[in-house]
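A.B. asks: Grab the two chains, each in its own frame, and use the hints to assemble them into the complex.
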Amino acid sequence: MKELFNHYSSAIIAMVLPYLFIMFVLLFPIPYLINSPGGLTEVEDLITIEYNLDKEIEGTISTTYVVSIKRPTYFQFMLATFSPYNNISALTGSNLTYTNQEIQAISYLDKATSVNAAVIVAFEKASEINTEVSIQYERKVLVYGKAEYLDHYDEINFGDEFVQIVGDSDYIITDISEAGTYTTQNLEYDWTFIDEDGEEYIVSLSKDEEEEKFGVTLKTYYIVDQEDTFPKYQESNSSIGGPSGGLLQTLSIYNMLVNEDLTKGLKIAGTGTINYDGSVGYIGATEQKILTAYLNHVDIFFIPNLDDEYYYDNYQEALRACEEHGIDPTGWLIPVASFQDALDYLEGLS
Amino acid sequence: MKHTNATWKSLREDYPSAELFDGFVGAFLLSTVLFIPIMIILIELVSIYLYRLTFLSFMIIIALFGYIAFIHFLWRKSLVLKKPEHNTNILNLFLKTTIIINSVVLVLGILVIFVLIPILFV
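If you read the protein sequences in the order shown, they are chains A and B. Residues in the first sequence are numbered consecutively from 489, following the numbering used here. Residues in the second sequence are numbered consecutively from 51, following the numbering used here.
Just to be clear, a hint being listed does not mean it is correct.
Stated by the list, open to error - For lysine to aspartate or glutamate, the following DMTMM-like pairs were computed, each having C-alpha atoms within a straight-line distance of at most 20 Å:
id, chain 1, residue 1, chain 2, residue 2
1, A, 490, B, 69
2, B, 127, A, 491
3, A, 490, B, 135
Quick caveat, the hints were computed from the structure, so don't treat them as lab data.
For reference, chain B alone in the conformation it holds in the complex (with noise of 0.2 Å):
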């Protein structure tokens, strides 16, 4: 956790805060108009195959986890082609990043199919 603290206060050296904002912005949008439609194909598949829902939504989480990491990605390329000669460790710092997020997402995920889901269907 130190050794990740310290690595953002590394990339807040390297690049400006409004650098960063720039590029993270540039990457959600794009990440989002791609994942839009493979939300909307996930969704009609549930709507067809309600009773396969528990697969599905898993299906779903392994989604988000793919446009959580695709961000990051796009983000650092972003940075990169901003700054190519960063002195910061980019990669390893949004794998880790991507990882904590993606965790919450799997938690957040198995609650809504476990405890949401049986709510709502009644």
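Next up, chain A with everything else stripped away, as it sits in the complex (with noise of 0.2 Å):
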């Protein structure tokens, strides 16, 4: 070893400012964020049915995904700049507050809950056409924010279940609507909440003097409760975050639990929440996912459109897209408003 270095020693001596110097610019962190094409995962890889399994579905179903690199390092934002397909932008809001683990955490949520979505969504509306399809849920108020000043800050996780607050005269809020109307008199409150191992745990919280809060954001879900559920579903680990492709999976469920076969053979993919009442929701960073269907070749690509006046409505998002990238929209970018006109148009095609 000592021959080796001492015959390298003059070029590893050169090189340790520069190699600093690399380094640095491969690791610093600064607070941006790049949204960048990603890819289609096919939705039957994530969710599995126990059911019409000797059913031939010809087509696919695929929610799209994007990269979104928060606090890139220097490296990334120079490489980022390069491809006009890449978005960079400045982190704003609770992007910059939250660390990129608990900015994780949130996206595991979201998708979690909007799998659950999905799921109701889809059995409900199989239900009315199968009657064998039966779907039983239950309501669950979730930690979804926490802001900087919450007491117990590392204790409380998202996705944790709010149970009850000992309120004033040691009147018990379990409907947080009521927490504001009855936390006026004392300094701290017990909280108690279940945590991801079902764990009960209390927590004191204060209200912070200048926000009048106490800096947990809350908020409600619907959760599927498999054991009174018709088929039984299994949902596969995901590396993939976020609540976009709620309407994408809405769709393949349902599509596993008819008997027709919605896709006819095509490559079908698209973004959009789905709301527990059938309705889409908008989803970010649309300019990447157009790229990624199109990049992917896809057959039908669904879109939210709620508002064609409203700029940042997504299928006006997604045209002005086309129009920039010399895409021709036509034929393949479907705008929807709900699970419903998805249907529709699925059923349509001949």
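C.D. replies: Written out as structure tokens, the structure reads:
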């Protein structure tokens, strides 16, 4: 070893500073967000249903993911500028206050709750024409956001279930909308949550003096009760987070539950969140999702279209992206406002 | 194979195990220090240009070929510096070893590209 190091000593010494500089450029994060095209994921790979197993599905239904890099390194930033397919913006809002790990945790929570919403909407729709299909679900209020001033910040995790608050005069608050009314007299209140392992825990939270809030954001979700649901389904582990696959997950699950094959041999993809009433919600990074669809040669791409007058309507954004990149949207870019719209479109195909 | 084994035996006769190991460690350390930024560059390329994943994965495999070859190059250099008057054809021996290891890297890389990556991106 010594001979080798002695032989190359001058080269090693000369390389120390450039090496440190290169490592700095490669590792030092900067507060930007890069979105770039990703790929397609077949929903069948994520969710399998023990039903209709001999049904032959000729085409594919896929969700679309993009690569979203929060706090890239200088080198990633430079790389991103070389391609018109990438979008660079400054980090803002919750992306700036949360760590990358926290953003990832929120993203996985979004994905998990989105799959539940997709299952609920698809099963309920399928049960209208297939009486064998039935679903039960329960309402849960989960932690979705944490302010910097939240007490016990590290003990409360994203996705923990809210149970109750012991409010003024020991009034038990289980409906979070009552929290403002019954937490005015004391400085601290006992909150009960259930963590991901099902363990209940109690923390005392106080309101921030400036904000006059506890600093925990709760969101209501409906979670499928697998015991009382037929047919059973299994969700594979996923490395891709976010709720934007909701619409396509709903379509694919519905397709697994009915006899007809909606795909008709086509490569179907799209984007859009799904709400419990079957309506579709907006998503981010539309341009990169359109480019992903284009690069993957999809036959049909569903995109949320709720208001043509709204500048950031996803369909309008998609049309602008197509124009910018010289892509003809005719025939494959399909605007939808609900799961029913997408279903009607596919059922209308010959 | 027989010839390769005989050459390894000859190398062990030329150099004690401690010297062989010492040469390898030095070569491994220097190559790894040089290779780390290259690997980070390739990973960051993948992160930005994920839609070129297959092509970039092949680039990573080629970079690994270079890494293995460079370790062997420096290992040989180290051994030659330790004992210039050796009797073994180290260049030939290490070339064969490099080709064998790189073949394994290629097979594993192809498995990663066509089996592991599709499983991971669900």
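A.B. asks: None of the hints should be skipped; say for each whether it holds.
C.D. replies: Now for the hints, and whether the structure bears them out:
no.: 1; hint: A:490 with B:69; in the structure: holds (11 Å)
no.: 2; hint: B:127 with A:491; in the structure: holds (9 Å)
no.: 3; hint: A:490 with B:135; in the structure: holds (18 Å)
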